[in-house]
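Residue numbers (the numbering used here), protein chains in the order written: chain A, 31 to 420; chain B, 31 to 420; chain C, 50 to 194; chain D, 50 to 194.
This list has only true hints and no planted wrong ones.
Restraint-style ranges between C-beta atoms, simulated for each label pair:
#, chain 1, residue 1, chain 2, residue 2, range
1, A, 91, C, 172, 56 to 66 angstroms
2, A, 122, B, 390, 41 to 51 angstroms
3, D, 144, A, 37, 26 to 36 angstroms
4, A, 224, D, 181, 53 to 63 angstroms
5, A, 222, D, 181, 48 to 58 angstroms
6, B, 290, D, 148, 27 to 37 angstroms
It is worth saying that the hints were derived from the structure and are not from the lab.
Even for Gly, the Cβ is constructed at its ideal location relative to N, Cα and C.
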Amino acid sequence: MQENNKRRIYADNAATTPVLPEVVEAMLPIFYDNWGNPSSLHEEGRRAARTLETARATAAGVLGCQPEELYFTSCGTESDNWAIKGAAYAAKGRRNKIITSKIEHHAVLSTCEALEKEGFEVKYIGVDQDGLLDLDELRREVDDKTAIVAIILANNEIGTIQPISEIAEIAHKAGALCFTDAVQAVGSIPVDAKELGVDMLSLSGHKFGAPKGIGALYIKKGVRIKNLIDGGGHERGRRSGTENLPYIVGLARALEIAQERMGDMRRVAALRDRLIEGLLSIPHSRLNGHPTKRLPGNVNVSFEYVEGESMVLWLDKMGIAASTGSACSSKSLDPSHVLLAIGLPVEMAHGSLRFSLSHANTEEDVEYIIAATREVVEKLRRMSPIYPGA
Amino acid sequence: MQENNKRRIYADNAATTPVLPEVVEAMLPIFYDNWGNPSSLHEEGRRAARTLETARATAAGVLGCQPEELYFTSCGTESDNWAIKGAAYAAKGRRNKIITSKIEHHAVLSTCEALEKEGFEVKYIGVDQDGLLDLDELRREVDDKTAIVAIILANNEIGTIQPISEIAEIAHKAGALCFTDAVQAVGSIPVDAKELGVDMLSLSGHKFGAPKGIGALYIKKGVRIKNLIDGGGHERGRRSGTENLPYIVGLARALEIAQERMGDMRRVAALRDRLIEGLLSIPHSRLNGHPTKRLPGNVNVSFEYVEGESMVLWLDKMGIAASTGSACSSKSLDPSHVLLAIGLPVEMAHGSLRFSLSHANTEEDVEYIIAATREVVEKLRRMSPIYPGA
Amino acid sequence: MVYSEKVMDHFMNPRNVGEIPDADGVGTVGNPKCGDIMKMFIKVNDKGIIEDVKFKTFGCGAAIATSSMATELVKGKSIEEALKLTNAAVVEALEGLPPVKIHCSVLAEEAIKAAIADYYKRRGIEMNFTLSEHSCCERECDRKK
Amino acid sequence: MVYSEKVMDHFMNPRNVGEIPDADGVGTVGNPKCGDIMKMFIKVNDKGIIEDVKFKTFGCGAAIATSSMATELVKGKSIEEALKLTNAAVVEALEGLPPVKIHCSVLAEEAIKAAIADYYKRRGIEMNFTLSEHSCCERECDRKK
Ligand SMILES: Cc1ncc(COP(=O)(O)O)c(C=O)c1O
Ligand SMILES: Cc1ncc(COP(=O)(O)O)c(C=O)c1O
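Could you build all of it, start to finish, from the sequences and the hints given here?
Here's what the structure looks like:
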């Protein structure tokens, strides 16, 4: 991967994960051999159709839902768009309000903003300093005009995990649908659609070892939403487009593997805690996100007097892949809306680093990250005109 | 592929094509090695971003457009939805009319029907007995209330190729956008977006050797349409969702190969013509689609007194993969809307077969298909209560 | 859409295909416009037993398979027993049918009944059952919601 | 977002980092809220030549690289020449910048000018140029349409 043979630590698993070799292995026979169109009547098609339904059943088993409740999409973003736009358009005229949070992924936020422009009322619920949703505000806002409550299960930047069952109950009391963006959660923590009690749940393969470009939306039996993509009637008439069988098989395989390895997440959480401890030993730093209710791999720390991008670039040079926040924000200069929502001053929001660990990381990785980050922060502070220590 | 080692002829390339080994080869290093998120700042991300833009440039080169005019999507269906809904919503209030044809793919038809339900006026232009659009009707219908004219470049069932440049001119005279569904055309005939003069053009990888689950939409510089999928701002803010780099690379590679092999399409067209000749030697048969303005691989013939599905199943048993029409219609029992649009009686529409040939087919394949089809038609006619010869 | 092995067997090797020139009852249901027509021939002995049954069908795989299975299910049965044939029994005997193809089993049931109705008519016996008035196409539309 | 090699070089090995304790002019532009602040120090000899220049920057890779490049471009130049420095020249010398990062080059140009303005002020020379009134954030918003 690197030009030279230097140490390389990938600690940006929230942005994307390497495709698991087992997943590539599961996909290869589909590429080479089982490339039929599942809608075709002939043997090539029937074989593909059987493989498709086997994969759907496997995935549904891991997610705790019926195979008929699982719809494959092209990514987490599509799932988020479909769930929210689909619910909003289905309720148009009757229920015109959408409730979400201030710490959603852009796939949800931009969707809500688009609906706002079309005339829907959108309410963005706040969070406390740890990133937990303000349930009182939610209770006050959910009413009989609310079409959907869309809350992220585990935040992609700060890792905070929300009490989704409770949120779903609040939504349901008012007759509203409850959707959760579980893109960061699936693969990292056990996610059971039925137990959570939500009506819809989105996930994306590339966050747990499947490739980028495959996602799914769980839609509880009986829940009616509008289609986002109309056409030939694939996915039981709800998401058209010839099915991406290799990736669907890959996603199912990756889910199985994630389930098998869920026990190992305790080790990952221990690495996370050691990393947090080490980073907080650097002066003028603070942890972002909930101290315990957080994803096992997520570490988000702000360092005063330095800026995030330059830290990421230096860490990269030192062999560590990390990020300033969500990957997509690499194109934006605005400070993270999530960090602002938890009350971080703008200056501090500019100086935050996210490490997201996986099974593949080791204790040595963590110690190296701590040492490297300390070096980088010191180096950048030395050239910072606002660092009082200088 | 088959349980036994019997001869197997794949003649359903309009439904989907096998993934080319060269394409798998191009994708493998991306799966194994270049799996970074193109939005990430670090080396893994930057490397992926470079690969993404190289692939975009390659694809754009083949399609005769600028790289910035090409947007990757998850399939032909998504591209069709995006183009038409995007144009309709962008023009809402000013231009409320959508013009399409009676022989579109369901990805276009169902999209138009959905928009009709939302209050847009949709006009479905008819075709002549060969499947060519009624340009006079089009001229009469296009007006200053027309947002978009959406016409399929080459039909997926009968292969008829439309005079799209002329259609685009008619649309532009009235200030309407022109979109063409080129899903069946790209890879089979030279398609140059600029030369065609359209504003938008859709394509799908799995029709020319890339996998199912990757498509693209050409949007001419300056053409503004609404997003279908909002989010993190990928694809220059117009199609969000982490990019499916392996398939994008595969699509670019497949386009290159299709271009290299375009010369061989003359041979495919000769096979097509021989197949048509052979099938028409079976009594009570007729060719559907234009005799010359048709895709080089497309053969569509109706046989009286027999039903399509049972022919397909028998041919499958005899080692031939064919279809009754569009693959997705395998789930529907309605006779093909395309065959009805060219004036075929319903009974005949039920008895049609589509063979779609590719580079991989040979003269022996064609002779075998002719002989097998004759046998199947005779067998089924013998048990048909309406066959006068019995 | 995947057919069971049983369906494929009855489609590829349909039982009782053909005509009975001196049939005691002949029934035709369906419509070429709808994509399927079934014609059933029955030979009934003086004990009221269906001694022989044959069919000719224009239609999809399921239409042929359900025709074949329906003939098998009534062959050797009494008229009364044959009248109890339901489309569900045909589906079950075929080990299932794809949802869009259930109408074929209805058609097969009706084809048998139409042949029996014809047999009754020829004998001047009053019918104790009714034939469906729907055309297949209407049934189609009913099924879609 | 990919930086050129030149940008990466100036980011990783920034030229002229530091402070000049007895500087003849010091200029600070930017705002920590916007994510970048540049502070420039110049030492001007009696011929009006910028003999030495140093900077300290809080900011992204481009902020550091443009600061570094701007100092290189004015070092050894006369004040008049230094005043002709444009952000475009900085971008060009860096072999390009991603569009979202162009504002950093503007900031670097302004930092140089602010240091010169301070030098003029200290000398009591009237300024023949104006400093931008925009904060970096406003520029940001201007750029987005
Ligand atoms: C003409 C046409 N348009 C659109 C599509 C849809 O493409 P996809 O299957 O990639 O969604 C197809 C094929 O299925 C097609 O033939
Ligand atoms: C919480 C969350 N939602 C949605 C997405 C979007 O998923 P995708 O990249 O598959 O579109 C992501 C990651 O990018 C995410 O972290």
